[in-house]
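Asks: Chains as they are written, first to last, in the working numbering: chain Y, 4 to 252; chain P, 4 to 252.
Source of the hints: derived by calculation from the structure; they are not laboratory data.
Any given hint could be a false lead.
The list makes no distinction among identical chains, and a pair is therefore deemed to hold if it is satisfied within one copy or across any two copies.
Quick list of in silico lysine-lysine cross-link-like pairs, DSS-like style, CA-CA up to 27 Å [what the hints assert, rightly or not]: (1) K9 <-> K93; (2) K81 <-> K58; (3) K143 <-> K10; (4) K216 <-> K143; (5) K197 <-> K58; (6) K181 <-> K143; (7) K58 <-> K108; (8) K152 <-> K250; (9) K10 <-> K36; (10) K216 <-> K197; (11) K83 <-> K36; (12) K81 <-> K10; (13) K250 <-> K108; (14) K58 <-> K36; (15) K36 <-> K181.
It should be emphasised that the depicted structure is a prediction, and the values quoted were computed from it without experimental measurement.
Protein chains: 2
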Amino acid sequence: MENEQKKIAAYIYDLEPAEGNAQQEIPLTLLVKRILETATYHAENWGVGYSTLIKENRAWVLARLAIEMSSYPGIYDKYKIETWIESYNKHFSARNFCFSSPDGKLYGYARSIWSVIDIQNRTSVDITTFRHIENNVGEKDCPIAPQSKIKPVNDENPIIYPIRYSDIDINRHINSVKYIEHILDMFSMDMYDKNFIRRFEINYISEARYGDKLSFYREQLAENIYTSEIRNSSGETICRGRIEFSKRN
Amino acid sequence: MENEQKKIAAYIYDLEPAEGNAQQEIPLTLLVKRILETATYHAENWGVGYSTLIKENRAWVLARLAIEMSSYPGIYDKYKIETWIESYNKHFSARNFCFSSPDGKLYGYARSIWSVIDIQNRTSVDITTFRHIENNVGEKDCPIAPQSKIKPVNDENPIIYPIRYSDIDINRHINSVKYIEHILDMFSMDMYDKNFIRRFEINYISEARYGDKLSFYREQLAENIYTSEIRNSSGETICRGRIEFSKRN
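All chains, please: the whole structure from these sequences, using the hints.
Replies: Listed below in structure tokens is the structure:
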């Protein structure tokens with residue numbers, strides 16, 4: 004990995020056989036893990052990563068994510084993730100990603116929106132006060148639509164799911180990637196055999212905790228477009244997702 | 004990573020914040036992913052990895068795994084995984100693992116038993132015919148008890164679980180690590196807050212497929228020892244696990 008400080012950082016991975024999904028490709032959940040990981044690496048490089056922020060009881064929180072892929076790396080394919088900050092204001096930082104093969108084949112892009120919170124009082128921290136942030140904005144095209152605000156989902160028959168040990172992250176909330184796993188698991192293997200996920204979006208709205216039960220809702224908006232929503236047992240919305248499938252050739 | 008061909012291969016990882024569990028440590032499931040990954044890397048190095056075997060419709064199959072840990076790497080800890088072949092015969096290869104920090108603190112060990120099968124006719128392939136295998140046996144201590152054969156588990160009230168898309172691996176079976184996740188999810192957060200997993204064992208017995216429902220059984224054998232069993236909807240045993248907890252200080 005190229006770890007030196009750069010406005011646009013690049014990291015290279017291999018897709019190992021044990022990591023592949025049934026379609027012999029990188030699972031979207033693993034791609035999102037890599038998104039979180041490379042965002043963390045890059046932030047660490049200029050002193051605003053987890054290890055620095057946690058000393059002041061602060062943490063980055065992912066608010067929105069949109070991923071658009073024309074294809075996915077397969078088993079043993081190498082893939083490059085480039086990441087850079089597109090812009091920032093007091094409340095949010097916009098970080099983009101480009102996925103390609105090291106020899107230049109483009110897989111897709113992602114856009115993410117982050118805030119920084121004070122863990123104890125749950126208030127937002129002013130990102131513009133971060134040292135060096137103005138020197139760390141990268142300039143690179145990210146030709147996919149911005150994140151949208153996903154509308155409430157109508158579904159009379161949600162799936163009820165008791166939160167499990169493996170859902171929980173170091174902050175005692177549900178792991179951001181686990182929500183995506185639960186959303187993707189609302190679709191059948193046949194759906195994934197016939198289609199790939201062309202665009203995926205998630206809005207993280209509030210936090211679910213161990214001990215609660217979640218309800219998973221799903222709604223079809225068009226032939227190939229679905230939205231989904233996860234609520235806690237009090238009916239509060241935890242997150243909403245939107246999936247656009249595209250037929251495999 | 005040190006990738007050159009060696010009888011004892013060593014790989015170094017970092018535990019990223021997004022990878023940690025609620026106890027701020029490496030999840031056992033991620034440790035097993037690393038076990039599978041380093042086994043694959045090492046086998047690739049001498050031409051018996053996935054990429055070579057799959058051309059002849061063959062694959063390594065994990066039969067048994069035992070892990071014993073005195074402690075676990077925490078967030079941002081670096082951890083070294085050493086792996087070597089201890090022995091082999093026609094039907095099985097025994098591969099061991101040692102987990103430590105790069106500066107020499109020992110975390111624990113693992114023992115694994117693998118076979119090679121012909122994917123099409125599901126028959127066992129003679130491992131002794133692999134070129135170079137006799138030159139790739141490593142000599143290093145692995146001071147933990149061998150894998151045991153776990154007995155059938157008695158439980159009147161199994162949890163019923165419909166297999167989901169994210170459970171499935173590239174061979175269209177349930178991912179080996181997902182079984183472990185399901186077994187660990189049979190215990191509460193409180194159990195993991197008060198205890199760590201000192202020893203974990205799993206026997207993989209037969210394969211479960213998408214579309215089936217699984218039953219999860221659990222039995223307490225001693226104050227800190229549990230066994231678990233996963234069966235398919237025909238009542239066939241898919242795998243059995245054994246967990247020995249140890250109180251945290």
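Asks: Is it within, between, both or neither when you check K9 against K93 at 27 Å Cα-Cα?
Replies: within (23 Å within a copy, 52 Å between copies)
Asks: Between copies, within a copy, both or neither: which fits K216 and K197 at Cα up to 27 Å?
Replies: This pair counts as between: shortest inter-copy Cα distance 23 Å, intra-copy 32 Å.
Asks: Is it within, between, both, or neither for K36 and K181, if the alpha carbons may be no more than 27 Å apart?
Replies: both (10 Å within a copy, 17 Å between copies)
Asks: Check K83 against K36 for me: Cα-Cα at most 27 Å, and say if that holds within a copy, between copies, both or neither.
Replies: both (14 Å within a copy, 21 Å between copies)
Asks: I want to check one pair: K58 and K36. Are their C-alpha atoms no more than 27 Å apart within a copy, between two copies, both, or neither?
Replies: Answer is within: at 23 Å inside a copy they meet the 27 Å cutoff, but 30 Å across does not.
Asks: Since the copies are identical, ignore which copy is meant and state whether K58 and K108 lie within 27 Å (CA to CA) inside a copy, between copies, both or neither.
Replies: between (40 Å within a copy, 25 Å between copies)
Asks: Pop the pair K216 and K143 into one bin, within, between, both or neither, using alpha-carbon distances up to 27 Å.
Replies: neither (42 Å within a copy, 47 Å between copies)
Asks: When no copy is named, should K143 and K10 be tagged within, between, both, or neither for a Cα gap of at most 27 Å?
Replies: Within one copy, since 10 Å is at most 27 Å while 45 Å is not.
Asks: With identical chains, the pair K181 and K143 could be close in the same copy or across copies; at 27 Å between alpha carbons, which is it: within, between, both, or neither?
Replies: So K181 and K143 fail the 27 Å test inside a copy (30 Å) and across (38 Å) alike.
Asks: Tell me, please, which holds for K81 and K58 at an alpha-carbon limit of 27 Å: within, between, both or neither?
Replies: Intra 35 Å, inter 19 Å, cutoff 27 Å: inter-copy only.
Asks: Is it within, between, both, or neither for K152 and K250, if the alpha carbons may be no more than 27 Å apart?
Replies: within (25 Å within a copy, 46 Å between copies)
Asks: Between copies, within a copy, both or neither: which fits K10 and K36 at Cα up to 27 Å?
Replies: within (21 Å within a copy, 32 Å between copies)
Hints 4 and 6, counting from the list given before, are not met by this structure.
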